[in-house]
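Q: Take these sequences, add in the hints, and give me the full structure.
Protein chains in written order, with my numbering: chain A, -12 to 331; chain B, -12 to 331; chain C, 28 to 352; chain D, 28 to 352.
Please keep in mind that the hints were generated in silico from the structure rather than gathered at the bench.
The beta carbon of each residue, even a glycine, is placed where N, CA and C say it ideally should be.
Sample of chain C residues at the chain D side, in silico, Cβ under 7 Å:
id	residue
1	M118
2	K127
3	Y130
4	A154
5	W163
6	V165
7	H166
8	P168
9	E298
10	V300
11	F309
12	P315
13	R318
14	D323
15	V324
The lines below spell out each chain.
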Amino acid sequence: MATRTKNTATANRQPRATASAVRTAAIPTEWGQTGAIERLRKMMVIRAFEEKAEELFSLGRVHGTMHLSIGQEASAVGAASALREGDYLLNTHRGHGHCLAWFGSEVQLMMAEFMGKETGYCRGRGGSMHIANVDANNLGANGIVAGGLPISVGVGLSIKQRGTDQVCLTVFGDGGANTGAFHEALNMASIWQLPVVYLCENNQYAMSMPMKKAFNIPRVADRALGYGIPGVTVDGNDIVAVYRAMQDAVARARAGEGPTLVESVTYRWRGHSKSDKQAYRTRDEVKEWQAQDPIRRFGRVLKLAEAEFDAHRAWADQRINEAVTFSEASAEPKIEQILEGIYA
Amino acid sequence: MATRTKNTATANRQPRATASAVRTAAIPTEWGQTGAIERLRKMMVIRAFEEKAEELFSLGRVHGTMHLSIGQEASAVGAASALREGDYLLNTHRGHGHCLAWFGSEVQLMMAEFMGKETGYCRGRGGSMHIANVDANNLGANGIVAGGLPISVGVGLSIKQRGTDQVCLTVFGDGGANTGAFHEALNMASIWQLPVVYLCENNQYAMSMPMKKAFNIPRVADRALGYGIPGVTVDGNDIVAVYRAMQDAVARARAGEGPTLVESVTYRWRGHSKSDKQAYRTRDEVKEWQAQDPIRRFGRVLKLAEAEFDAHRAWADQRINEAVTFSEASAEPKIEQILEGIYA
Amino acid sequence: MRELTYVEAIREGLNQAMAADPRVFLIGEDVGVYGGAFGASAGLHQQYGAGRVVDTPISEAGIAGACVGAALTGMRPVGEIQFMDFITISMEQLVLQAAKIRYMFGGKATVPMVLRTPGGSGTGAAAQHSESLENWFVHIPGLKVVMPSTPYDAKGLLLAAIDDDNPVIFVEHKLLYKTKGPVPEEPYRLPLGQTDVKRVGKHLTVVATSIMVPRALQAAEQLAAEGIELEVVDPRTLSPLDEGPIVQSVIKTGRLMVVHEAHKNGGFGGEIVGRVAESEAFDYLEAPVKRLCGLDVPIPYNRTLEAAAVPQVADIVREARALVK
Amino acid sequence: MRELTYVEAIREGLNQAMAADPRVFLIGEDVGVYGGAFGASAGLHQQYGAGRVVDTPISEAGIAGACVGAALTGMRPVGEIQFMDFITISMEQLVLQAAKIRYMFGGKATVPMVLRTPGGSGTGAAAQHSESLENWFVHIPGLKVVMPSTPYDAKGLLLAAIDDDNPVIFVEHKLLYKTKGPVPEEPYRLPLGQTDVKRVGKHLTVVATSIMVPRALQAAEQLAAEGIELEVVDPRTLSPLDEGPIVQSVIKTGRLMVVHEAHKNGGFGGEIVGRVAESEAFDYLEAPVKRLCGLDVPIPYNRTLEAAAVPQVADIVREARALVK
Ligand SMILES: Cc1ncc(C[n+]2csc(CCOP(=O)(O)OP(=O)(O)O)c2C)c(N)n1
Ligand SMILES: Cc1ncc(C[n+]2csc(CCOP(=O)(O)OP(=O)(O)O)c2C)c(N)n1
Ligand SMILES: [Mg+2]
Ligand SMILES: [Mg+2]
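A: In structure tokens, the structure reads:
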């Protein structure tokens, strides 16, 4: 009499994709060695940016807070690699990586923003949590967990109504998947088959809340079942795996076949933000994941000698140092202009 | 590399449970003929209440709006039958039925509330959309779609913390299942295994929005997959079927095994509210469902002769007429007391 | 001039905006075949199709977000929140996203969206369907807040709101929908941020919003017979507020009463009093000011209590008389 | 007397309430092992266990709803919204449910819950982590709104709020958390709805809330050297407001300045001015009033701009001096 929903989410409980469980992939032919190296360097720039950010903070040279994505670089760069210029990005509070991986991003403008300077992407008004580059269709990081998800519905509708073949990459965390905003957005995107890819970066925690306690399902991607869209879980520390999963999702979106939920399983090495004592996890757990450093892993795939690897990293550090120099030489916003830019 | 979520919701597409597809069940032995007749009469009282409500409205004797559940009576009475005194109810805007089906409900106090009288359940302050009977743990109808769902989390937590074996019945519509509130509530109830039963009365429409357009999955119950809880779809016009499905769900909840999502498939015969022209559906569709009148269907299960059936209905009408008489004789709230009861 | 009801004027405004600009589209619950809960979009779905008159699931955060995202990427969405009460579910998107995006991004983005929503009581729908929350939005820089009181203003302000490059909260009133007034057929714009003196008088300045404007005008009619001349001032755009005409009026009359339906406590009336008390008009005030507002009570269901909860014409007459004496 | 910081005072209040009453429990994001984003519940998870210090997913509507449902059924929940900005997501549950349930149900239910949340800017967290939205809640009958400015007030008002049978929005300030002051060890209650005169003066009444109270007191110190005596009045409970002491103070000083961090437009300052301008104190006002409030701008990230966006001690000194002259 009653039709029972077979709870496959629990029934087909799959081994959680972890960094160690998944073999690294071959380099995509469309990247070639050059493209692959470019991406390695991008990851290194992100890492260098964030390490510098930490340093500047500890020196008291920036204020506020920041959310570092150290350890998650493969997810950002792998994902962005599947998009193309003209596509849109909606980003999160932990968004330095995606921003730097995005088309046309200039690290010195990001650093200047981070340091609150007039030359920054947002003229120093936004800071770490609000970096945007609207000219490049980077619609901004977001200080609100899942704040970009309802917005993605509008971006998707806009693409459809304007009749372009753009795609909108919408990033959020495991924590973001428990907000009402997630639900409303995924349902709307699904019923209207909007060209949006939902990338959930499951880094195991929402601040101190372990994913395992915040979900009663093994994989965030299982949520896709509730919206009738594909859900994919991928090793988020494998740049090629992320890229491949995202390619499929982007292709579907671009073909008008609607949204996909891609879960990228990864880990943040640092605390949630600058004030985190990390009482909710063990040092060993952190170390295990650090052994799966996405940058070193890709270096191994590329079969780079230690020296060459180091040279790339030195190149990245150099970019960051130049960005700091640029930012330090930049002017502060003027107090008289504080009321500028509220209304258009 | 990527683990793909098999989209069973779409893959195992089951025939939608409809009134016609499901055979009526035998009378539960625990009801007996007496209990069954009682429930038939309860459905008749609900029907009579709402028909009278319509009449009073058209005569201008009540104002405001109302949401009639005519055609959905089996869902309300079947569900309430699976609960016991001391359990909690969180109800919807289309809640006359559940309220009348609930323990200790007195139809004259409901009618008085409906007519805005001081003797009403809410002293005339609440009206149709806010009828509550807190003494009987009926925590009220709700003018906000899914407004009761976040509240259910608190009721569930309270039960757990107080260590009782109460259960909270939480009712909402198909439309309610697309709100962020639904998502946050079901997830929280699931991770904490709260003693709540979520009853989604899928009457095919949210106002003018067909369920088929608002969901990209065939059954609301499939949403359960996203929370790792059981989801059940049942013929909502079959009082026994609803009761059985609810019994299982209530038993799980009472045993501390957590929430269940029960989808009761039914149909509202009337417009959404008093101002609805019903341009979004056909007369034929309405007629098809009217042929599945849950009251007549249960009358057939009970093998009642026409005259006996009519006598029960006359009894119900009598109750309603008495309720109207009571309400009309009741005083209006006093203007001087308008500010009473804002703060405790 | 031809007369239209307030809701017809809004519908005509929507229609003309959609006809003129393919970037304009409607989105909300039941705005399609149903025509909107109060009929504001009746017929537009048939005319423009489901692609431009988008029916949504019950997802108020999603609706607001859909407007933000579309506006950010070149469209000019007009969203509808079916009752102003439900805008409580949209607050994050409206306040933390729509209002702030431009500023947070250093002035490098625009969010040209309009969110229409009916506020107010008087329909017997009780406490969860009768909110008047406009002052919440007034409190948020980056948003504009418009509250038309006549069919003429409704159409002209709506077209201006759709043209505006900022997020506009456009608050209609359920009881005004059926009121009639002259409305030009061609599209016209009434600039946002222009306070309108709806009646010239000399004894008392009455600043009224939305439905309280016609009520104040009725009260003024009655009082005129007693020789009391009210000046009825309608801000129309509550934020950014054009305070000049209010201040000038108080300088002239020496007396101020603010009338709105929203609860008094923490309401827009305080803002008006604050502006006047900080202005040069302060020295001209001859009597304490008066805020005649909704009682601080959830709107009751009972018809008599409901009416007693917000200012009626008789209340305005009584209080105005008392102030002038 | 022993000194505690503001956050320690809150923690001690929570601890004592939980120890005394098994119906009291805490719920919110990271209130458990993490101890709360600002440490307000540090150690309580270890002491009372996960059953009474409940870590939630990121679900602000759910947190508010959890408080409403638990309160309705016999518990006394204390919820935490990690930053006041995120309360935008809880508005439906707070405004349409918590605030109205009692009235809508004819006075037959109670919703004894407290929702704590830190407001304010000054931490460099920019526009989405710096909101001061208290006047939204002041506008809603059925809610109480409390804003302590000292450790002593924080503990006493928190314990009173937990005792109260109504929903209380308890607004803390991030920059106050580390400020110190005397706090008795035993549990004590400061009744809600009692305005407190924090400093007696005669030239100007300064009504200040939250962090603006210590800033106004510092300004008063400076001005005292010039012979200008500010009377600093702290409402503590913004709603229901105890307006008597404010009115009395203005009658005494003849001058009024309101200082708050929230945006001026549509803010609580208007309410204070409205109350005074409607009161007997109107006739005693010797000068226009002044609202010294947050600029109407989203809080900027840049440190200098951020500080310039809200009143600082020097601003209070300057404006007070100008008003008194
Ligand atoms: C709506 C909302 N609630 C709470 C916060 C505070 N907060 C910021 S990030 C965060 C955790 C987010 O977890 P997740 O989505 O998994 O992203 P992650 O930080 O792990 O990258 C929290 C609770 C917020 N910014 N917005
Ligand atoms: C949050 C919210 N949005 C919109 C409405 C207006 N409204 C009332 S009932 C309704 C449709 C509800 O559909 P469903 O949940 O399926 O329940 P049904 O009316 O079919 O019983 C709508 C849109 C509301 N009351 N609350
Ligand atoms: Mg995370
Ligand atoms: Mg329905």
